[in-house]
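Peer 1: One-letter residues, chain by chain:
Protein chains: 2
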Amino acid sequence: MEVIVADNAGFCFGVKRAIKMANETLDQAHGPVKSLGQLIHNPQVVTSFQKRGLEVVADLDQVAPNGTVVIRSHGVGPEAKRRATELALRVVDTTCPFVTKAQQYAAKLIEENYKVVVIGDKDHPEVKGVVAHTDGKAIVINTAAEAEALKFIPRMGVVFQTTHAIGHVQEVVGALLKRGKEVRVFNTLCGATTSMQKTAVELAPDVEAMVIIGGRLSANTAQLAEVCRKVNPRVLSVESAAELDPAWFAGIRLVGVSAGASTPDEVIAEVVERLTGIEEPATSA
Amino acid sequence: MEVIVADNAGFCFGVKRAIKMANETLDQAHGPVKSLGQLIHNPQVVTSFQKRGLEVVADLDQVAPNGTVVIRSHGVGPEAKRRATELALRVVDTTCPFVTKAQQYAAKLIEENYKVVVIGDKDHPEVKGVVAHTDGKAIVINTAAEAEALKFIPRMGVVFQTTHAIGHVQEVVGALLKRGKEVRVFNTLCGATTSMQKTAVELAPDVEAMVIIGGRLSANTAQLAEVCRKVNPRVLSVESAAELDPAWFAGIRLVGVSAGASTPDEVIAEVVERLTGIEEPATSA
Numbered sequence: 009m010e011v012i013v014a015d016n017a018g019f020c021f022g023v024k025r026a027i028k029m030a031n032e033t034l035d036q037a038h039g040p041v042k043s044l045g046q047l048i049h050n051p052q053v054v055t056s057f058q059k060r061g062l063e064v065v066a067d068l069d070q071v072a073p074n075g076t077v078v079i080r081s082h083g084v085g086p087e088a089k090r091r092a093t094e095l096a097l098r099v100v101d102t103t104c105p106f107v108t109k110a111q112q113y114a115a116k117l118i119e120e121n122y123k124v125v126v127i128g129d130k131d132h133p134e135v136k137g138v139v140a141h142t143d144g145k146a147i148v149i150n151t152a153a154e155a156e157a158l159k160f161i162p163r164m165g166v167v168f169q170t171t172h173a174i175g176h177v178q179e180v181v182g183a184l185l186k187r188g189k190e191v192r193v194f195n196t197l198c199g200a201t202t203s204m205q206k207t208a209v210e211l212a213p214d215v216e217a218m219v220i221i222g223g224r225l226s227a228n229t230a231q232l233a234e235v236c237r238k239v240n241p242r243v244l245s246v247e248s249a250a251e252l253d254p255a256w257f258a259g260i261r262l263v264g265v266s267a268g269a270s271t272p273d274e275v276i277a278e279v280v281e282r283l284t285g286i287e288e289p290a291t292s293a
Numbered sequence: 009m010e011v012i013v014a015d016n017a018g019f020c021f022g023v024k025r026a027i028k029m030a031n032e033t034l035d036q037a038h039g040p041v042k043s044l045g046q047l048i049h050n051p052q053v054v055t056s057f058q059k060r061g062l063e064v065v066a067d068l069d070q071v072a073p074n075g076t077v078v079i080r081s082h083g084v085g086p087e088a089k090r091r092a093t094e095l096a097l098r099v100v101d102t103t104c105p106f107v108t109k110a111q112q113y114a115a116k117l118i119e120e121n122y123k124v125v126v127i128g129d130k131d132h133p134e135v136k137g138v139v140a141h142t143d144g145k146a147i148v149i150n151t152a153a154e155a156e157a158l159k160f161i162p163r164m165g166v167v168f169q170t171t172h173a174i175g176h177v178q179e180v181v182g183a184l185l186k187r188g189k190e191v192r193v194f195n196t197l198c199g200a201t202t203s204m205q206k207t208a209v210e211l212a213p214d215v216e217a218m219v220i221i222g223g224r225l226s227a228n229t230a231q232l233a234e235v236c237r238k239v240n241p242r243v244l245s246v247e248s249a250a251e252l253d254p255a256w257f258a259g260i261r262l263v264g265v266s267a268g269a270s271t272p273d274e275v276i277a278e279v280v281e282r283l284t285g286i287e288e289p290a291t292s293a
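Going down the list, the protein sequences come from chains A and B. Sequential numbering from 9 applies to the first sequence in our numbering. Sequential numbering from 9 applies to the second sequence in our numbering.
Simulated from the structure, these hints should not be mistaken for lab results. It cannot be assumed that every hint is accurate.
Put simply, identical chains are the same to the list, so a pair is met inside one copy or across any two.
Stated by the list, open to error - Lysine-lysine pairs mimicking DSSO-like chemistry, simulated, CA-CA at most 27 angstroms apart:
id	residue 1	residue 2
1	K28	K109
2	K28	K238
3	K238	K206
4	K189	K24
5	K42	K123
6	K24	K186
7	K116	K189
8	K159	K206
9	K206	K24
With these hints in hand, go ahead and build the complete structure from the sequences.
Peer 2: Shown next, in the form of structure tokens:
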């Protein structure tokens with residue numbers, strides 16, 4: 009098959025930064041280094057770091073006294089950082105700067121007496137971290153229907169999960185306008201995610217199918233597949249080349265590829281190589 | 009024909025208030041009383057006030073020294089009020105309280121260093137008055153396309169023409185989210201307009217045609233017709249019963265009626281009476 013890779017596919021600035029910081033930490037560390045949750049939502053990267061000794065832990069208690077803890081790119085709440093300091097841990101904070109901004113806006117809105125609404129997935133670590141910056145007071149919603157079901161909120165402050173699609177937040181903010189008098193929105197969408205979605209959506213109608221590569225837990229990868237599906241129903245999501253089934257591509261000669269922000273270049277290259285090798289069955293002459 | 013009149017048709021609180029204030033002023037005035045622009049956008053009401061001596065003037069210079077000036081329900085800028093005071097005029101301000109709120113929010117946003125965007129018709133007196141409350145600094149846009157054409161605005165404050173439809177402002181605010189980092193919206197839609205549109209839109213699909221009554225210059229009447237047209241293409245806008253042409257209703261047995269916020273009950277009653285009298289041509293037996 010012919011393969012076209014969308015511009016902006018793969019690692020974003022925040023992911024590159026988190027990986028670089030984690031690598032430097034491992035290079036320089038004398039004692040054990042732990043990651044509080046998965047550094048980024050990509051299984052290959054997490055496994056590769058595990059092999060180098062970066063164990064994922066769920067709680068700060070699992071970090072040895074005076075050990076080093078790496079804060080994941082999705083961020084944590086202020087309480088986790090306070091506890092790490094109390095435990096005298098060395099903290100390496102890889103929180104994506106765009107996520108830090110969303111946390112700061114949420115904190116500022118609470119401080120200025122707004123009821124904070126986060127448009128995002130309440131179970132995603134980034135959203136949990138943002139909510140933690142409002143002392144847990146923020147409401148999390150993810151759909152226009154959930155927005156319309158809210159009680160009236162006179163002073164509403166709104167931030168977005170950074171990896172959401174613009175079309176999605178436009179719809180939900182529209183619904184929120186019905187539920188608030190003042191609706192003060194900070195557009196906390198990450199520019200890299202927006203660009204990545206834009207180029208993939210531009211490519212998708214021009215190819216017969218799209219393959220989106222990324223971790224199953226990766227929110228930006230899921231959004232990427234979703235925005236593509238709106239313009240081309242034939243979208244396949246995979247974590248790696250191993251998941252590609254030639255049968256799925258029957259009759260397809262031109263396929264587009266994009267990848268979430270946490271997908272390494274090698275994984276993209278493997279998928280592209282594999283796709284290129286898938287041949288149409290020879291037509292009987 | 010059968011006629012159903014939508015709930016909330018006709019005079020809103022702000023219009024009733026303006027008419028009451030103008031009447032009281034005329035009752036008590038010793039000298040001449042002028043209206044700075046049309047009190048409300050309804051020709052019958054304006055004409056009826058003119059007969060009682062309330063002349064419409066375009067400029068404060070046309071008010072006699074020490075005379076009385078009535079500020080229209082759509083409001084004016086702060087400069088007009090300052091000049092009226094300088095000219096020692098007696099001012100009767102009938103500005104709708106919902107419009108006053110929109111003016112105050114716009115002024116507050118400018119004071120707090122927001123770039124103000126008004127979603128409305130730049131030629132409408134209400135919008136001109138709101139813009140005047142920002143020292144003329146506000147941008148006026150009325151469509152999503154105009155919003156998308158704006159340059160990036162880091163701190164954007166948004167207010168609406170009070171008579172706009174919720175669906176319309178939702179769409180334009182959605183587009184503004186792409187052009188701003190912070191987008192602070194005050195939902196200045198008037199509740200009466202929203203209720204009036206809602207009941208008319210609920211009625212429109214259940215009737216064969218809708219008749220919308222109101223002044224040609226009335227923004228809320230135009231919006232009312234527009235929201236109805238989205239759910240029933242057969243919508244007729246009239247200012248009075250005299251404009252009803254039985255031919256337009258050929259084949260129609262059930263018609264719905266609503267009226268803009270500045271339409272008097274007598275005008276609605278005349279239209280309903282006229283519509284009720286329109287008979288289907290007798291079918292030849």
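Peer 1: How would you label the pair K28, K238 (within, between, both, or neither) given a Cα cut-off of 27 angstroms?
Peer 2: neither (35 angstroms within a copy, 54 angstroms between copies)
Peer 1: How would you classify K238 and K206 at a CA-CA limit of 27 angstroms: within, between, both, or neither?
Peer 2: within (12 angstroms within a copy, 31 angstroms between copies)
Peer 1: Using 27 angstroms as the alpha carbon limit, work out where K42 and K123 are close: within a copy, between copies, both or neither.
Peer 2: neither (35 angstroms within a copy, 46 angstroms between copies)
Peer 1: Is it within, between, both or neither when you check K189 against K24 at 27 angstroms Cα-Cα?
Peer 2: between (41 angstroms within a copy, 24 angstroms between copies)
Peer 1: Within, between, both or neither: how does the pair K24, K186 come out at a Cα-Cα threshold of 27 angstroms?
Peer 2: Result: close only across copies, 26 angstroms inter versus 40 angstroms intra.
Peer 1: When Cα atoms must be at most 27 angstroms apart, do K116 and K189 count as within-copy, between-copy, both, or neither?
Peer 2: both (19 angstroms within a copy, 15 angstroms between copies)
Peer 1: Between copies, within a copy, both or neither: which fits K159 and K206 at Cα up to 27 angstroms?
Peer 2: between (34 angstroms within a copy, 19 angstroms between copies)
Peer 1: I want to check one pair: K206 and K24. Are their C-alpha atoms no more than 27 angstroms apart within a copy, between two copies, both, or neither?
Peer 2: within (21 angstroms within a copy, 51 angstroms between copies)
Peer 1: When Cα atoms must be at most 27 angstroms apart, do K28 and K109 count as within-copy, between-copy, both, or neither?
Peer 2: Within one copy only: 20 angstroms inside a chain, 52 angstroms across chains, cut-off 27 angstroms.
Hint compliance for this structure: hints 2 and 5 are broken, all remaining hints hold.
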